[in-house]
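Residue numbers (numbering that gives the first Met the number 0), protein chains in the order written: chain A, 0 to 262; chain B, 0 to 212; chain C, 0 to 221.
Don't read these hints as lab results, they were simulated from the structure. Just so you know, even glycine gets a beta-carbon here, dropped at the ideal spot from N, CA and C. Treat each hint with caution, since some may be false.
Here are the simulated lysine-lysine pairs, DSBU-like style, with alpha carbons at most 35 angstroms apart [what the hints assert, rightly or not]: (1) A:LYS31 with A:LYS117; (2) B:LYS46 with B:LYS109; (3) B:LYS3 with A:LYS124; (4) B:LYS41 with C:LYS9; (5) A:LYS170 with A:LYS31; (6) A:LYS117 with B:LYS3.
Simulated restraints, written as ranges between beta carbons of each label pair [to be verified]: (7) C:ARG48 with B:ALA199: 33 to 39 angstroms; (8) B:PHE50 with A:GLY65: 50 to 56 angstroms; (9) B:SER121 with C:VAL193: 27 to 33 angstroms; (10) B:GLY119 with C:LEU42: 54 to 60 angstroms; (11) A:ALA180 with B:LEU198: 32 to 38 angstroms; (12) C:LEU22 with B:SER1: 30 to 36 angstroms; (13) A:ARG194 with B:PRO208: 29 to 35 angstroms; (14) A:VAL11 with C:ARG212: 28 to 34 angstroms; (15) B:SER174 with C:ASP3: 57 to 63 angstroms; (16) C:ILE15 with B:SER1: 44 to 50 angstroms; (17) B:VAL78 with C:LEU42: 46 to 52 angstroms.
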Amino acid sequence: MTLPAISVRSLVKRFGTATVLQDIDLDVPEGKVSCLIGPSGSGKSTLLRCLAFLEEASEGMITVNGEALGFFENAKGERERLPAGQIRAVRAQIGMVFQQFNLWPHMTALGNVSEALKTVHKVPKAEAEERAMVQLAKVGLANRAGHYPSQLSGGQQQRVAIARALALSPKIMLFDEPTSALDPELTGEVLNVMRELAAEGMTMVVVSHEIGFAATVGHQISFLDQGRLLFTGAPSEIFAKPRHPRLEQFLDTYLDRGASMLA
Amino acid sequence: MSFKLFSLLVQASVWTIGISAISIAIGFLIALGLSAALLSGKALYRKPAEFFISFFRGVPLLVQLLLIYNLLPFIGLNVPSIVAAIIGMSLCTAAYQAENLRGGFESVPKGLIEAADMVGFSPRQVFVRVKVPIALRLTFPALVNEAIMILKSSSLVSVVGIVEITRMAQDLASSTYMPIEIFSSAALIYLVICWAVALAGRFGERSLPGAAK
Amino acid sequence: MIFDPNVILKHLPEIISGTGVTLALWIAGMLLGILIGFIVATLRRYGGRAVDLPLGFVVEVLRGTPFLIQIFLVYYGGPFVGLSLDPVPCGLLGLSVYAAAYYSEIFRAGYASVPHGHVEAGECLGLSRLQIIRRILLPEMALIVLPPSVNLAVILLKESAVLSIITVPELTTTVSAIGSQEYAFLEAIFLLAVIYWVIVEAAARLGRLAETRLSTFRFAAS
């Protein structure tokens, strides 16, 4: 067993007095696709945002490839904040794809993908754009490089957003409901890109309502409900009996919805 | 009404346009500082900025102009009335533009900042590369509106003796006894200028990089 | 540079009367402006192109020209077409028409903000056009219309100072006259600015209070 890419220990997240994540323990295996599923408000997006350090966990530890993210335990066993430079270095291993794409509207697709290479990593413009083009080609949008986000469909914008994250060669990719903001007919192109990425052995954590994707592409599925991680296992176990009553209820709702869509 | 009278009004419009343009530009620079103070989160900067904005938005421009016109000589600054007019208009528009800019900065979508944060931008880079360009785009329509307001408000500098469109019209009306023709012509000239600015604004908005077509 | 309090005291009756004239002109101009503006917006919505286009043009002209020019046109041009008005009625007319142009745009946006489906639902239930305006459109747009209306009210209050140029005996006229009379013009203008500031702040606070009241009422109702 190799070291997990991300390991979460006793994580608690509170917003004011509300506890949205309670005692989360999770290992994200390297080179595999881990899916977080659960009803709305279960805390799965908040957990993913904690992994990206967009939210700071209230308690507990997160390590990325063995390095502490944001906080570490000092000699006295107290939780202590790491210096900003170190936080940045650990986060550099992580790429994030958002539900709302969050492409910068004043830059072209190429600009969005090459911007961080140029401003953060000081790569010369020509080289940065060359590398950005490679990523755009990978998501099938080389011919849209000069387009602004407002000129692209939702599916295309999300693929550019994936290319933007990939351009920095992250070791881990986080996806926060990447297809939820898309029309149903546009989800396929985004899921296909994600499938290819999974096939290449990218470590991925995906929050999604696409149960089908989770079942076919996911290697590990975690089910969250009311801020607790109730179940983590292989997709095959999800459908196996006996399973957790809350999970059963959740899946029934989804299967019902699927069935009623067919009817 | 003779062509000569009309052309005198058109010539006077150079002053209207000039004073307005300079005031908008100076006002924008002051507004940048004011909005930075408003957003600084430090009461030491925020409070004076709020006080300034409240005063210049709470007092009629006419009264502000009279105040500055009479205040400057009192504190020993004997400047031409055109300078007093520009100072008054700049301070007034700065107060309005500062509120617009603050609104613009506050409505930059949080996700766009998070996306920059995720790819490793420093807070400074987030500010320069993401917040400023997006806030400026968001406030652009309000800036065009403000320019039109200032063009119309500039008619008030006629009270401190600057011969722009309104003062010229007043002088001509009293010497020719043709107030209807003269003031209608003045109105027409204002209308054309305001429409031109609105049109240019719409064109400019569309040609901002990435604007929805 | 502060006014001798005795001077203020001596002229207090005039200052109060000037403030009274400003407030009266402001409120009357605003109410007339709201009334005319609402009628204009409604006519433009239901009157077809033959009504919408000319009214739209007039609104654009009023919004595209300085208030001072409009006032000059009525005050100095009026007598040439048989409309000789004293400063006060001229000021009230000018302020109301100016206000109406801006209020009509606010109401137009208000009408546009109500989803068309809500109107169709009313039509399907057999409500008349007037009933739809009164029972559906007006209540639904109230929340949308209120903030810009408060804003405009404050602008009108400040614009009313312009009426001093045609010698309407309002606040600016009164206080600057006192200043000349007492050889303390700068002090007078300072006092004037402070009085306007206080009234504008009070009006703005009142407006915000109304917005909060209305929105909590709406939340409670929905």
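So, going through the hints one by one against the coordinates:
no.: 1; hint: A:LYS31 with A:LYS117; in the structure: holds, 30 angstroms
no.: 2; hint: B:LYS46 with B:LYS109; in the structure: holds, 26 angstroms
no.: 3; hint: B:LYS3 with A:LYS124; in the structure: violated, 58 angstroms
no.: 4; hint: B:LYS41 with C:LYS9; in the structure: violated, 43 angstroms
no.: 5; hint: A:LYS170 with A:LYS31; in the structure: holds, 11 angstroms
no.: 6; hint: A:LYS117 with B:LYS3; in the structure: violated, 59 angstroms
no.: 7; hint: C:ARG48 with B:ALA199: 33 to 39 angstroms; in the structure: violated, 28 angstroms
no.: 8; hint: B:PHE50 with A:GLY65: 50 to 56 angstroms; in the structure: holds, 54 angstroms
no.: 9; hint: B:SER121 with C:VAL193: 27 to 33 angstroms; in the structure: violated, 45 angstroms
no.: 10; hint: B:GLY119 with C:LEU42: 54 to 60 angstroms; in the structure: holds, 58 angstroms
no.: 11; hint: A:ALA180 with B:LEU198: 32 to 38 angstroms; in the structure: holds, 35 angstroms
no.: 12; hint: C:LEU22 with B:SER1: 30 to 36 angstroms; in the structure: violated, 44 angstroms
no.: 13; hint: A:ARG194 with B:PRO208: 29 to 35 angstroms; in the structure: holds, 33 angstroms
no.: 14; hint: A:VAL11 with C:ARG212: 28 to 34 angstroms; in the structure: violated, 40 angstroms
no.: 15; hint: B:SER174 with C:ASP3: 57 to 63 angstroms; in the structure: violated, 42 angstroms
no.: 16; hint: C:ILE15 with B:SER1: 44 to 50 angstroms; in the structure: holds, 48 angstroms
no.: 17; hint: B:VAL78 with C:LEU42: 46 to 52 angstroms; in the structure: holds, 50 angstroms
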